[in-house]
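Peer 1: Sequence:
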Amino acid sequence: MAGGSRPSTLDLLLFHRQEREFFHRLVHQLGQKPVTTRWVMALWLWFESIGHHDFIRHVSSSNDRIVEAFLAEADSCLGRLLGTRTHAEDEQEELPLTNTLVAEPIGLRFFDYHRDVALKGVTYFVKNVAEIIFDDGIMEKAAQDPNHPATRRVLSSGLHIWQPNVEQSAWSMPSTSQSPPRPTSRPPSVLNPMARPWSPVTEQSSDDQRSMFITFSRGYPLTREDIKDFFNTRFGPCVEMVMIERAPAGAAPMYGRVVFTNASMIAPVLNGQRTAKFMINGRHLWARMYVPRTSAN
1 MAGGSRPSTL DLLLFHRQER EFFHRLVHQL GQKPVTTRWV MALWLWFESI GHHDFIRHVS
61 SSNDRIVEAF LAEADSCLGR LLGTRTHAED EQEELPLTNT LVAEPIGLRF FDYHRDVALK
121 GVTYFVKNVA EIIFDDGIME KAAQDPNHPA TRRVLSSGLH IWQPNVEQSA WSMPSTSQSP
181 PRPTSRPPSV LNPMARPWSP VTEQSSDDQR SMFITFSRGY PLTREDIKDF FNTRFGPCVE
241 MVMIERAPAG AAPMYGRVVF TNASMIAPVL NGQRTAKFMI NGRHLWARMY VPRTSAN
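Numbering (full-length UniProt numbering), first residue to last: 1 to 297.
Treat the hints as calculated values from the structure; they're not laboratory data. Keep in mind the model is a prediction, meaning the values are calculated, not measured. We put the beta carbon where it would ideally sit given N, CA and C, even for glycine. Heads up, none of these hints are tricks.
With a Cα cut of at most 27 Å, we get these calculated DSSO-like pairs of lysine-lysine:
hint, residue 1, residue 2
1, K277, K228
2, K127, K277
3, K33, K120
4, K120, K277
5, K33, K127
Here are the simulated distance ranges between beta carbons:
hint, residue 1, residue 2, range
6, E93, E225, 44 to 54 Å
7, N63, P248, 31 to 41 Å
8, R246, T275, 19 to 29 Å
9, E104, I280, 17 to 27 Å
10, A252, T9, 11 to 21 Å
11, Q29, N281, 35 to 45 Å
Please model the entire structure based on the sequences and the hints provided.
Peer 2: Structure follows, in structure tokens:
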């Protein structure tokens, strides 16, 4: 196990399943452009990485009108950050909706004073997260090739393949002035977070059913040993292995995966919730449950 198994690209897709579904809503229901929407999502992912946790989850739970208002504020932030909008073009410096989800109020001037840090962070999430999780190439290959090694995991994951209407090759600022199509009703989730982890009858319990995905605050990663010792000390000997992202040179890892010895450990570790926050050696660790499901088709 040592040094061998690491979270794969598919692991990243599975971890960001909620973000993918929201991206689909923005592009296919609200008429946003795929490439520019990746930058918006990267901005919000960066917000989460600097401590404003669950930002995207809160935005995605809003109605379309509120979401469009969040998009307009993100458009202003990116315009100021990338230098494509001037102070004169911004009618106001405040970000009233964004400030409802951040710990300390910020305005557009924030991106003037912290341009280097913010631009580096947002660009990192565009290249290392958004361009991966919003690209359906992996699922397309798996769907077309039954012998593809990821086929079984894709089919059991519930991940969907969405084809954008128009492919774009160049960056342009997000457009929030388009007229959105008629909203499509979205059925409420019927998942019970307190339910026992699903376990197939015909297959042995795989790593997927025994896994919990984890993320670190940007710049504050934890070691495998720290994570394993924390959970084993708190819940007894329950961790089989911990995998950490292989980050690019000079960058700190952002996410990882904990595989438990038994799938039944996930619910008590997360206290019956979909996500949980832990403090390990003074550093934050966020965890999320992933439960594969069979496809009706």
